[in-house]
Every structure is written in C-alpha cells, then in structure tokens.
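> For reference, the chains in residue letters:
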Amino acid sequence: MTQDTAPAVQAVGLSKAFGRHLAVSGLDLTVEAGQIYGFLGANGAGKTTTIRLMLGLLRPTQGAVRIFGHDVGRHRIAAARLTGSLLEARATYDNLTGRENLDGTRRLLGLPASEIDRTLEIVDMGAAADRRMGHYSLGMRQRLGLARALLGGPRLLVLDEPMNGLDPDGIRDMRALIRALPERGVTVFLSSHLLSEVQQTATHIGLMHDGRMVRQGPIAELLKRAAPDLFLRTGDLARARALLTADKLTAIDEAGGLVLPLTGGDAQAAAINRRLVSAGIDVIELSVRQATLETLYLQVQTAEAEAA
Amino acid sequence: MLTTLYVEARKLKGSLVAWLCLAAPTLVAVLLSVIFFRVRVASWTDNLTGATGLWAYFVMPMTITALTILVAQVEHGPRAWDHLLALPVPRWRLFAAKGIVVMGLIALMSVLLALEIRAAGFMVEHVAPKRAPTGVFSWLLLIKLLSAMWGAALFMAMIQLWVALRFRSFVAPLTVGVAGTFFAVAAFGAPETVFVPWVMPVSVIAGDHARHMMAVTLGIGGGILTLLAMMVSLSRREA
Chain D
1 MTQDTAPAVQ AVGLSKAFGR HLAVSGLDLT VEAGQIYGFL GANGAGKTTT
51 IRLMLGLLRP TQGAVRIFGH DVGRHRIAAA RLTGSLLEAR ATYDNLTGRE
101 NLDGTRRLLG LPASEIDRTL EIVDMGAAAD RRMGHYSLGM RQRLGLARAL
151 LGGPRLLVLD EPMNGLDPDG IRDMRALIRA LPERGVTVFL SSHLLSEVQQ
201 TATHIGLMHD GRMVRQGPIA ELLKRAAPDL FLRTGDLARA RALLTADKLT
251 AIDEAGGLVL PLTGGDAQAA AINRRLVSAG IDVIELSVRQ ATLETLYLQV
301 QTAEAEAA
Chain S
309 MLTTLYVEAR KLKGSLVAWL CLAAPTLVAV LLSVIFFRVR VASWTDNLTG
359 ATGLWAYFVM PMTITALTIL VAQVEHGPRA WDHLLALPVP RWRLFAAKGI
409 VVMGLIALMS VLLALEIRAA GFMVEHVAPK RAPTGVFSWL LLIKLLSAMW
459 GAALFMAMIQ LWVALRFRSF VAPLTVGVAG TFFAVAAFGA PETVFVPWVM
509 PVSVIAGDHA RHMMAVTLGI GGGILTLLAM MVSLSRREA
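Protein chains in written order, with my numbering: chain D, 1 to 308; chain S, 309 to 547.
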C-alpha cells in the first residue's frame, strides 16, 4: 500500500497498558483520507491514550498504529511530518507573541517564513499575531494552536477538544474551519465531548468504551441503524423523569421535554405512554424521530454497562 | 542543531531567566563593593579569588538550580511537551539544545560577573581611592578562575537540568539543588568532596593544583556524559 492510498490512520490490535491497567485494548481503527473522524468516549475510555499513541508520545504495549502507512513506533518522524496536532490550547509560550510562537515551530519544521502568514490567514488571526500570548483569550489560543498545527500543510490533523472554552461564536467559527479542512486535503481526527458539535462536523465516528472501540463508521449510517429516539413532553417533567428512571430508562432533557432511546419499538412507546397516563401525568407530545449522536452515545454506553 | 538552539534560546525572551542571569552576578559584584568599603584593603588577587569564591561556593550552585528550573518550566508550565515531542524533530536534539543553552547562560553570567567585578573596582578607585585594592587588576587571573569554575560547574548543571526536565514539579530539582549546595558548604574541606558535583566549582580555588585540575576535568567530563545520558534517557521516555 503506497502512502497515497494508505489510510490516514490505521490502528491494528493496538493496546496500551499502564502497569496492570489496560487503557487501550486491541483497538482496530481506520480513518480514510478526507474524512472528519469524530472520536468519542467517556472520560477514561482511552481516547487520549489512543491519540498519544498516534503521535508517538506513548509506545504501544501491543499492536501498531500507522499514519499514511508509516508505523509510528518505527518511523515516528516520517509519520509526524504528515501530522499536525492541537492537544492543549495553553501549550504556548506566554512571554512570546503569537507570531513568535508560530515562528519557533516553523523553524523546527524547516518551513519558509511565509507559512506563518498563510496559517494565520486560515484561522483569521493576522490582526492579533503580534500581541503577547499572555493577553490572548482561550478562543484566540485555540485558533493559534490550530494555526500552529497547520504549519507545513499536514495531511492529518489531530484535534483534542478543540471547542473547549470557546464561546458560541468561537464554536461556530471553529466548526466552519474544521469542516473546510478536507477541501484543503486535510484529514481530521477530532476528539470531543460536545456530541452535537461532532454530529454537525464529523463524517465518521468511532466510539470508545473502556479501552475498546464499540462502534465505528459513517455517522449517518450509524444513526440510521440506531434505535430511534422517543421525544416526550408532559405536564410534569420532573415526575415523568422520576418515573422513567424508576423503570431503568435513561432520558435526556431537551427542548422542554425528554428524549430517550426507543429500543423496544412502537410497543415500548405505547407502554411508556400508558405508564405516564396511569400515573396521572398528562402526555402533551409523544413522537418518534431519528436518533441523535447524543442518544446513540447513550444507547451504546447503557448497552456496554449492562454487558459488563 | 543551530535552529533548535536558536528556538530554545528565543523561548527565554522576556522570561525570568534574563533577570536571573543579570541579578546573580550583580549580587556578587554588590557584595564585593561592600567588602571594598567595609573590610580591610586587600590586593586585587585576594579580591578576585574572594569574589569568584563567593560565586562558586554559594551563588553559582543556587543560581544554576533556579536557572535549570526556569528553563524546564518553560515547557512544564504550559504543558508544551506534547506539542514539542510530537514534532518531526529528533527528540535528542531538543534536549541537547536545552543543555547547551544552560551551559551558554552560565558562561554569559560568568562574563557578566567579570565585567561587574571590574566595574566595582573602577567605582571604588574613583569614589574612595584609599579603599581600592592594591596591586594590579589581572583580567587573565579573573578569566582563568571563571572559565575553570564554568567548566567545573557543568556536571552539577547537567544533573540539575536532568532532574528539572524529568519532573514536572519544581520541588525535586529545588531539593536536589539546595541539598547539594548545603553539602558543598558543609563538607568543602574534605578532600574526597572533589568528586561531589556541587563542590567542583569551589574546588577551583582550593590552592591545590591537582584538586583544581581534577575539579575542572570531572566537571567538564561529567557534564558532557550527563548531558548525553540525559538526551538518551529523556528521548526514550514516554511523554
């Protein structure tokens, strides 16, 4: 497989143990070039460890991860040449200006000075580039971090929680920036807790649970295959929630109502309706709709917890 | 390598490192000025030995402790290691650059100290000529002493840098530095202490030529070996 046809990221049987704790267990993951891959999972699911393995910051206990065909363990520098990463927004030198921060990385990468202005333009940070980083807001830091990750035109961009700390405008801008990257030939590997953002941004997702990959594929396909959502609006939301919880059903608050995965089909919807009505709770609205990423995530987490 | 060195040195711009490099030698020069005015008049040779001795005995080890902590905290503070170590740059080169920058900064402080000692001499010669040191000021002696101290300090500096880079908290390198300096102050007289890195700089003025040579040789040799070991160890370590 040549570098051009190889997947952007391919992990095969990837495991990482810290002492007796297995943080990542036999992970198989494939991200094809041009995808925006949302990497999801609860805290401690193994997302950060996987990212650190991809960047060569950790060595796998078993298995391997390849970036465009380059085994990160054996050819870290060749893999790193194709990869840009934004891991920690505050990982900048506050005593230097934004431009000086970029210049340090630019020099280490052996790139021409024009690269700085090119990436600043992409993230729309040209005006603030000569201010000291210590005076930057978190949103500005995220943008500058993204500019730094884009230096040299990497083919793979690894973003860990890029929306963290951003205000709604900042999130919207960052989303637009990320969505435009595949047009520039950049594959995006995006780890985030903001499921609605991932749903709006990613083309594919991988869902980690307890160090394992439990769902992976095109986001539209996974959502179509998932159990639909049941949306409920009732006269007494708090009581309805308590009743559903007592029946071991997990519901998410949304738009003045409750949403829960409808794993039992129409019969379950009817049963829920009867249960609420017999408890004296007025059901104002009850509708079935396609699952969202949030409810898919909830379904998977619940199924995995039950299996465990 | 030159690019990496430049990048490492530039990271220190506007940081406390610049102030430390200025303040530490100035402290010695100020103390020397006080000695000129308060203590009996002595020869330039005695004053140069005394001032550089003060530098090597206490100020230099503590300054190196602080300097290496500051250099390491440039990366530890903002958690910049992941970004740095994920770059397509051989990791040994990044650590080598940090070691060479520290060596260079100690050399820079030594040069500053030499200039400030001379400036203190000029001041006393003009303000209170009767308190001025006797004899001739010898640049050669001063350069010999300070360069030997610089070489003898490299072993200690590289140990301090290794500890400072290895541990995110500054407590570990600070403890090592304070303990080493305390040991040097307490046990300097014992001949075996020439093998203790924190004693090596002050061993330069021991008056015993063999001990002087031993301190410089061990300091430079130990410093280079420690730098190499640090580069290998930290490069292989998981970030």
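The set of hints was computed from the structure by calculation and includes no laboratory data.
There's no promise every hint is true.
Listed next, with one range per pair, are the computed distances between beta-carbon atoms [claimed, not checked]:
(1) D:A6 x S:F490: 55 to 63 angstroms
(2) S:F475 x D:A127: 52 to 60 angstroms
(3) S:L423 x D:H21: 54 to 62 angstroms
(4) S:R318 x D:E221: 47 to 55 angstroms
Because the structure is a prediction, the values reported are computed rather than measured.
Even for Gly, the Cβ is constructed at its ideal location relative to N, Cα and C.
> If you test the structure against every hint from before, which numbers come out violated?
2
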